[in-house]
Amino acid sequence: MIYAENKKAKHDFSFLKEYVAGIKLLGFEVKAVRVGKANLKGSHVIVRGGEAFVVGMHISPYQPKNTPEDYDPERPRKLLLQKKEIEEIAEAEKQKGLTVVPVMLYNKGAFLKLKIATAKGKKKHDKREEIKKRDIERELRRSLKNK
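When the sequence shown is numbered by the numbering used here, its final residue is 614 and no position is left out of the sequence of numbers.
Incorrect hints may appear among the rest.
[Said to hold, decoys possible] Distance condition first, Cα-Cα at most 25 angstroms in a straight line; then the derived DSS-like pairs of lysine-lysine:
1) Lys612 <-> Lys600
2) Lys504 <-> Lys580
3) Lys563 <-> Lys594
4) Lys589 <-> Lys600
5) Lys474 <-> Lys545
6) Lys580 <-> Lys491
7) Lys589 <-> Lys561
8) Lys551 <-> Lys491
9) Lys582 <-> Lys504
10) Lys498 <-> Lys532
11) Lys580 <-> Lys599
12) Lys508 <-> Lys594
13) Lys561 <-> Lys475
[Stated by the list, open to error] Cβ-Cβ distance ranges computed for the label pairs, FRET-style:
14) Glu541 <-> Phe578: 16 to 24 angstroms
15) Lys594 <-> Lys545: 29 to 37 angstroms
16) Pro531 <-> His478: 26 to 34 angstroms
Worth flagging that the hints you see were computed from the coordinates, not collected in a lab. Just so you know, even glycine gets a beta-carbon here, dropped at the ideal spot from N, CA and C.
Input sequences plus hints: build the corresponding full structure.
Below, the structure is given as structure tokens:
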């Protein structure tokens, strides 16, 4: 089941390589994610000290009155990846024009997984072409459906 999706990232970036990472959360954050209180908009991945973190991911409290007073909904959360993957992400982060963005937060069995991707920003004309292509495909499907 998909709990949060970064639709804006699909529009603004072209993905080069995707990774699946575990994410280290607190117990009440897991509950909040499972009821749909997570938001990936504006978040990105950084590598510091050989560890990967997702920054800017917002998880609203599950029960606001029962959460600790010092809880920060946008705190950096550690990603669980293999060393090789972390090194690849660090290299991509250093390259000019590339960024690492979270794409989707979903569950796999009992575990929450975060799909992240190294991405290159799209230009305005690329975005327009994509919208045109999508509209043409939609019209084609409609015309075939009506026949």
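Structure-based check of all given hints:
no. : hint                                  : verdict
1   : Lys612 <-> Lys600                     : holds, 18 angstroms
2   : Lys504 <-> Lys580                     : holds, 15 angstroms
3   : Lys563 <-> Lys594                     : holds, 20 angstroms
4   : Lys589 <-> Lys600                     : holds, 15 angstroms
5   : Lys474 <-> Lys545                     : holds, 22 angstroms
6   : Lys580 <-> Lys491                     : holds, 10 angstroms
7   : Lys589 <-> Lys561                     : holds, 18 angstroms
8   : Lys551 <-> Lys491                     : holds, 19 angstroms
9   : Lys582 <-> Lys504                     : holds, 17 angstroms
10  : Lys498 <-> Lys532                     : holds, 14 angstroms
11  : Lys580 <-> Lys599                     : violated, 33 angstroms
12  : Lys508 <-> Lys594                     : holds, 18 angstroms
13  : Lys561 <-> Lys475                     : holds, 23 angstroms
14  : Glu541 <-> Phe578: 16 to 24 angstroms : holds, 22 angstroms
15  : Lys594 <-> Lys545: 29 to 37 angstroms : holds, 33 angstroms
16  : Pro531 <-> His478: 26 to 34 angstroms : holds, 32 angstroms
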